[in-house]
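J.: Listed below are the residues making up each chain.
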Amino acid sequence: MYTLQLATAGLAIGSVYALIAIGVVLIYKCSGVVNFAQGAFVMLGAYFTYAITRLGLTPVIAVVFSTVLMAIAGAATERLVLRPMLKAPVVAIMMVTLGVLIFLRAVALAVWGPDQIAFPKLFPDGAIEIFGIFITYNYLTAGSLSICLALAFLAFYRFTAIGLMQRCTADNSRAALAIGIHTSNQISLAWSMSAALAGLGGTLLATLNGLSLGLSDIGLIAFPVIVLGGLTSLPGAVVAGLLLGVLQAFTDGLVTPMLEGFLRAYTTIYSVGALQQVLPYALLILVLLVRPQGIFGWRGSERL
Amino acid sequence: MSGTRLWISLLVAAAACILTLMLGRFGNYLMHAVVIASISALALNLLTGFCGQISFAQAALLGVGAYTAGNLGNAGWGILSIPLAGMASAAAGALIGLPALRLRGLYFAMATLAAQFIFDYAFKILDPLTHGVSGLVIKPLTLLGYVVQSDRAYAVIAIICLFVTWLTMVFIGETTLGRAFLVVRANEIVAKGMGIDVARTKLWAFAISGFFAGVAGALLAFTTRLASPEAFGLSLSIDYVAMIIVGGLGSLPGSLLGAAFVTLLPELIQRVGEALNIADILSAAREMAFGLLIIVFLIFEPRGLSALLHRLTSRDHANIAPKTPRPTSERRRSELGLKFEKVE
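Residue numbers (numbering that gives the first Met the number 0), protein chains in the order written: chain A, 0 to 303; chain B, 0 to 343.
Rather than coming from a laboratory, the hints here were simulated on the basis of the structure.
For each residue, glycine too, the CB sits at the ideal point set by N, CA and C.
Do not rely on the hints blindly, as some may be mistaken.
[To be verified] If the Cβ cut is set under 10 Å, some of the chain B residues that face chain A in the computed set are: (1) M109; (2) I280; (3) L292.
With the rest of the complex left out, here is chain A (with noise of 0.2 Å):
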């Protein structure tokens, strides 16, 4: 029972997980960018919910006014940072989106404070429980919710005219540019796409977590989701978004009580930290060694 109530907890955060990860895949596809600066994204995103809030609107219309204020932003980051690089080596692209992210960072600082921020509530309070399980509505919703966004977001990618442009874009540029495409619109739309992506995911990591400068690092986790699933594969970056939440969700709940007591048994370390946290990026070290296509990913997508 305690391994399930585990695993709903971690697929609930592992689906907000998915859907900041589909962001940043979407712009690598489009682009060839690796995005630092979607934990910016995803940080901002939350921020803008809650300023609209303070202003006296309802929830529901805060988080739409933020997801149009976060594309609006993606495609501003797009087109005065990235554009003008648009054939620098990727070493230079990395380094300037952490740029990015840096001067988001400060402004939501100078902005908003360093402290934590008691967050708007989106969802009701309370638990239901399914099945034995507890699960709460702050839980229940977000998770439902970011599932729900990135299968939709799947379903427009494969099924919609601009998905399909979007989907050209990404697999040959040029010859999207034969066709008539305007590739580089389709980036600034990808561009869009992701930063609200990542906007929706802070606001609903904000109603788990709270609100905080801390949205910013755990949008970092994008990078071990998108490694597992496979780089350049959206279905794969949902699947290791979810596993991934699970995974977390079993080291916190399980793994890290057995390690610990095994350790003050045995030696002087009584603690073994955030475990959970760091986890991820073992796993990405070993994924790359191992499997550098990702469990997603073709062959074709090896570099090696």
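Given the coordinates of chain A, work out where chain B should sit on it, guided by the hints.
T.: Same frame as chain A, now just chain B:
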């Protein structure tokens, strides 16, 4: 290395020593902050600028150096603990570099990012060696039986270490190994074709770079007297990558310029902020300026400060604008001197 260059470096080092003896407490603090950052930036430049391996784990290597030096220093090893800290970091560097034998560019950068987090975590939980989150308190350095107390003495020791690092970097640039680094950076397949053992070359780059990062970490440990996990986090690693990019990848004087710039800029903003009475958003302003600086530099002067200075001081105005502009893609790539395979 030519005689003239040796003499110039020696003169500069001597001048820096004399300068630091004349400076006050704050001046000394700035001096050794810049000098230690320079050592570490030179080390990272060897890895990224020369050998083309981008690393976000530099702070982890500094941390390994700091904890090693701290433990050895507390156990009474004296000045020997500095080179030994270098050795420990060299080993850690080679360990971090192992995935580089299989991975390239972006993938490797992610692996170093993960390594940074794992080391960070290790610093927190290896209580017997690191004293966990509270940090390891370090006794002052003992040098030939004397306990070094003054800031000036530490600054002079740091300058001597920087001088040795500088000479080593210049020397390496002129050896076969240094040339091999450049070939590996340009194209690994060509390097193999030329008979270069790519794996061994990369591991050397990691070990040498790690050694000097460890020395920098040791100096940092003895001057701050405390090694704690949050001092060696990802943000410090990002600072170092920023230094070598702002200074100019692959340029030795550039690394020094970048280190000085990135270290002194926050101090400058601090002064200005105190003057303008905006103390409450000061740390935010500092970070904002830092982020903007990175963005602006990469967009407008991807070759960094060293190229900018060269252009400003050069009397040959013809090279301000190339007569026949090459396509942007080609220019940008060669300006950074780095060619990673574009990942599809």
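J.: None of the hints should be skipped; say for each whether it holds.
T.: To see whether the hints hold, each was checked on the structure:
1. Look at M109(B): its Cβ gets to within about 6 Å of chain A, closer than 10 Å, so that hint holds up.
2. Taking 10 Å as the C-beta contact cut-off toward chain A, the hint placing I280(B) at the interface holds, the least distance being around 5 Å.
3. Given the 10 Å rule on beta carbons, the hint for L292(B) holds: about 8 Å separates it from the nearest Cβ of chain A.
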